[in-house]
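Got chain A; can you put chain B on it based on the hints?
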Amino acid sequence: MIRRYFAALDIPLLFLILIIILIGIITLFSASSGSLTLIGSQLNNVLIGLLLLIFLANNHLQKIIYYAPYLYAFGLIALILVNVVGFTSHGAQRWINLGFVNFQPSELMKIALPLFISWIYHHQKNKNTYKIHFLAMFAIFLPCFLIIKQPDLGTAIMISFSGLIIIFLAGLSWRFILGSLFIGLVSIPIIWSSLYTYQQNRVLTLLAPFKDPLGSGYHTIQSMIAIGSGGSFGKGWANGTQANLSFLPETTTDFIFAVYAEEFGFIGILFIFILYFLALYRIFYLATKMQNTFSRLVTISLGIAIFINIIVNIGMISGIMPIVGIPLPFFSYGGTSMVVSLASIGIIMGLYSNKTLIAN
Amino acid sequence: MRLKIIFGFVAFCLLLLLIRLFYLQIIQYDLYHGLSNKNSIKIVPLPPNRGIIFDRNQEILAQNYLSYTLELNKHTKINIEETKNKLANIIEITNNDINNYKEQLRKYHFYDTAPIKFNLSLVQITKFISQQHQFPELSIKQGFVRHYPLGHSSAHIIGYINRINHQDIKKLKQRKVLGRYLGTNHIGKSGVELYYEDIIHGTPGYKKIEVDADQEIVRVLKIVPPISGKNISLTIDSKLQKIAEDAFKKRKGALVAINPNNGEILAYVSQPTFNPRLFTNGIKQTDWDNLNNKLNKPLLDRVLSGLYPPGSTLKPFVALAALENNIRTPPFSIQDHGSYTMPNGSKTFNDWKEGGHGTVDLIKAITVSCDTFFYGLGVELGIPKLNKTLRRFGFGKKTQIDIHNERSGLLANEYWKKKRFNQPWYQGETAITAIGQGFTLVTPIQLALATAKLAKPDITFKPHVLLSIENTIDTNQNKYGKGIANTVENSKYLDWVKEGMQNVTRDGGTAAFIGKNANYKMAAKTGTAQVFGLKKNQSYDEQSLPDHLKDHALFIAYAPIENPKLAIAVIVENGGHGGSIAGPIAKKVFDAYLEKEIRKND
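Sequence order for the protein chains is A and B.
Everything in the first sequence is counted per the numbering used here, starting at 11 for the first residue and increasing by one.
Everything in the second sequence is counted per the numbering used here, starting at 798 for the first residue and increasing by one.
One chain only, chain B, in its complex shape:
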């Protein structure tokens, strides 16, 4: 009897065990199968190569070079000091490196390891590998480092990449493309690197490997190679760009050179500039502070984000607004004695030229930049009609160029002022708006686009910097930037304005010296924009003012007048007089570009 009880117990226990094993192997198979694979199968992402950026002549603007970094596993709890001492004879780690490592770990997102030493030499790598068993927490990673051969030049248009930070991760998650960044450490942050990120980043591949308990690779199960990002070419001409940058001679400002026939940006200058290499491995806090705290703001992309009063460069567009509303149509003329008094006698505005310009019609008013003529014109025309025309030329709104962070400028009016300052609009403000000195603010890209529209009214292209994407079947070269409506009509009004602008570079014009010694004819307009309002009885004395309060010098032009090939807008901050400071910069760019063009056509 007791024997049977015992055997029953034995059988019962065996059955229980069997049920347990059944549960593990059959019921929970999926769970343990997954865990087993997770144990032994690792997916190693293979990041893609970032596409190369060329200029229009296949000059390299951004490329990659192979580099080796020493990386520290962020999950292991180790004493960095100890590792540093142990490593002393192999790879020297400085306190700076350690601080940098900690800073990066805080600021950016890393999967497993973060770099502690960059650009290892072959000797360092060899030494380390022979001692690697001592440092399970360290590994050498091979990767591509972004290199910008031009350095400071063109930095704003090319932009830069930076280490992926926590915000980037969040954004990528939202866009559901985080998977494309597995194994990738960098992401475009500004300029073309940012705008065309999706094209030049590429698609990662992966390596499926079997590892043992020590994480040693046993064998490779599968390789899916990454797909490199596409190489792209930009519309800019880096040689022309360099000429333009050099012409600034360390002055602050911006220059945009655009082909009025197709919207291609040929030069895109924002001075001062910065070295995009500083960002490549995660910018150091000190460098970042340096760049941001500088009074001259090198990181600011003045072409798109710099807001400037247009000064007299606005006059050709104001003139066109008047003509379109049948005001001041030639041969109408005024007698300019050097000042303009408001119709109600409330205020008198001076012309820039003491004693005035004598008999002035609309054409001459542009040529000599007669303020008196435009004061009266503005007051009679009124802000709504003026702004309507200006808007058609692209002022007061974004040009939608293919670079981010563009600002829309400002076409001020009564409502805006009420909202902004809770003050009424005074008629005197209309008068100074007509000479580009009111609240109106423009960006250099807007000014360049408006000039291009004067040169080629039937332009239907947005300004753009992308020329082509490698291996893209569509051969329509002019595809990029296509798609804006024709907003300006070719008319006899336009001819009058153009005539005025052509005369600017002739004898008697405000930039007559620019037109001398030129093999082509240029239509232009100079501008000088006050940075601050002079008080009554205070006269502008360029010598005595501190630099940052000096007038901005502006210059817009296109050439040749018969068949415009290039339109340029130049702003030199605190440069003083537009014609003499900004004009020569534009001239150098025209010379370089048009001479080449002429040679090409011969």
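Chain A on its own, in the form it takes in the complex:
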């Protein structure tokens, strides 16, 4: 019985991700100055995430395709609700209090949107019509607009990116892509002027962090100091001065990787990068083995979402991307991120294990 549940899991991918989670928890111990409460809470998050993963991996694909539009609609409604009844934290209105957990609709949209876009393409026989492409783009635009309103620019960019990847994979013509890129570049000044001042500041800070070392550049500088001072082999576990003497902000969530870099050095970073690379590779490999468009599109889209999380988070802490509050998948402390990331993997595994079913 139990064995049957595990048969659906892709062991290499699960193994890679569990190692990353383990390293994350080890780092969390140091980053939280040994807070067992936080460790326990994170273990709880992992447990919920894994259960969800196993559940999704064993689910029938048709059900997912069937639920995709409803999930998307639900996500949209939740996003509208968040703008009305959501509560504000850290200057952004992102959460809805469900009583037992604080729910962040934009996180749900990370999965719902790729599913829905893939669903659109899956149900169209003549995939290359511009009408479909525009429909897909509108489906991306709606939630992104609501998320930007929260405001949460980072998440909006990520979600739109994972959606656009699907459109790209679905066969959008190169001419159209290059044209949009051109329009995008031209419209940068317009987008710039529509950004909030703090968002503009973040971008500026990125360009010249040392200009205002105690102001908006402070977090970036402290994070770069933490990473740089780690050197080749790091300062040793729980010995990071930047982390333990509270020079680093948000050590358990957004900046946890800086703690890791400080304590384990470049060797540690190399190790984690290999793990992430292999995990992503495995996801792409699984995608190529899938028989139908929907599965492939969803898998790649979810893989790309994880990938973007990694790039944006590490790019942010190493000072080459603006500071946007995005956690590192499988690594940062936090329930939503962990559960959603593991759920994504569960969906991928579910799509893979049911590939034969689709083929028929």
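Worth flagging that the hints you see were computed from the coordinates, not collected in a lab.
Please read these numbers as outputs of a predicted model, since none were measured by experiment.
All residues carry an ideal CB built from backbone N, CA and C; glycine is no exception.
Careful: at least some of the hints might be erroneous.
[What the hints assert, rightly or not] Short, incomplete list of chain B residues facing chain A, as computed with Cβ under 10 Å: (1) Phe804; (2) Leu818; (3) Val1008; (4) Asp1009; (5) Ala1010.
[Stated by the list, open to error] Reference listing, derived: stretches of chain A covered by chain B, where coverage requires no fewer than 3 residues with Cβ under 8 Å from a Cβ of chain B: (6) 78–88; (7) 232–241.
Okay, now just chain B, sitting in the frame of chain A:
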């Protein structure tokens, strides 16, 4: 195909990130390692204790006591008024304190914090500490405050310390010793505090601490304790010093008492004086103006910087110059009728005594301070030969005593006058130079040294005030001040001059009353120096002149004559007649010192 493009993009991005991290962690490691240490590791300098200054009898002249000050961080932008009001119930800050704080910040150099309230009481400290979280800009600093137990007494020789100002910083940088002053707020500014600064300052230590982002100390990584400055002892005898100062009875002037055998300065008086404590925490502008604007200039170290016409105290040295050039050798004598006329008849100079002194030889000329004798002597001897001898006694040049700001006095001559006034030298000026009334200017220390050289011609010591440095292995007590060439020869000429000086304190001498009731024999010379030249037909009337135009009274002496133990030079500004005003002051010092010496030898 498109899948491969996307994965290629993924791999490329990961590689870029990896390169970025490689750059930060490997290429720029040194930079960030340094920044990380700068973040979390702070070096706190531990200033050394300043050496204690003792007198020759281990009386404390300058010491330190522990004091607590409330200090305001100069980097924080705060509203002082607000802080003041918030502090009202804990430590009262007056407007005066605030003005003083601002003034100090402007004038002196501070590292991080500057004091706003001094000498906190235990109650104030306790109250403040319990409320400290409200005042991140304020802190209590513990430090040593310089204390001068004698107050005004001996202020010029001990000197004072002051807050380090911007110029001091510049100088310390030039000397490449700024590192020795980390955490130190004060530096010697005058007297011994200045001259022996390098010995008594000490070497700072430091504390290496780890701090967190709130600058709270996490742990101490390393402590290198400071090395205290060395304690030093001075040659002066503070009791003798006090006797001498009291003897001045508020008059202005200077006294130097020197041991002619080894150059040790036993008393060093410059009156009026000041309280060195005024400087300790940065002198207030009002106090500073007060000290400087006073007509009697209390800050002036008259011993080294006071320039006085020597008057008749120069006569013994002038006499020696004549003898060395075979002029006026006894038994040569003149008939003094009370005046001297220049050989060319151009001018007549009067003796101080109307009607003159009758038959006068060189010895008697010193004893009765016969002006007539010296007018003729000077004119015949000439300035070059006179100055040559005077220079050997130390006039016209610095004595190189171990205190700064010494002036070299003046031995005037033809060239000097040409350069200074663009005027020729008149022979009449030679005549008055011979009685110490010309352009010649001396400092009290020069006069004392010259007297010591008369008493002990073979002296090879500079005058000095440092007796010993604590924990210095060299036990040669006489090391300090050693090293000047013997410039005066013991000769029969000297005996004649000394005989004249011994007779000064005997019946018929200008200070005969000084010699009475003394248990020892003293050789002396009185002097009265005019402060301004009387016009023709104007007579000197001490009663009618304003104080600051009255004559300076001078007196030089050594005793006992058989085996000189002390040489003294006294100048009382506007004191009138030398023998009657300056002489008794010297007498008191001799009495006190020699009686003790005699007792010691018994």
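Structure versus earlier hints, numbers of those that do not hold, lowest first: Hint 6 is the one this structure does not satisfy, whereas the remaining hints hold.
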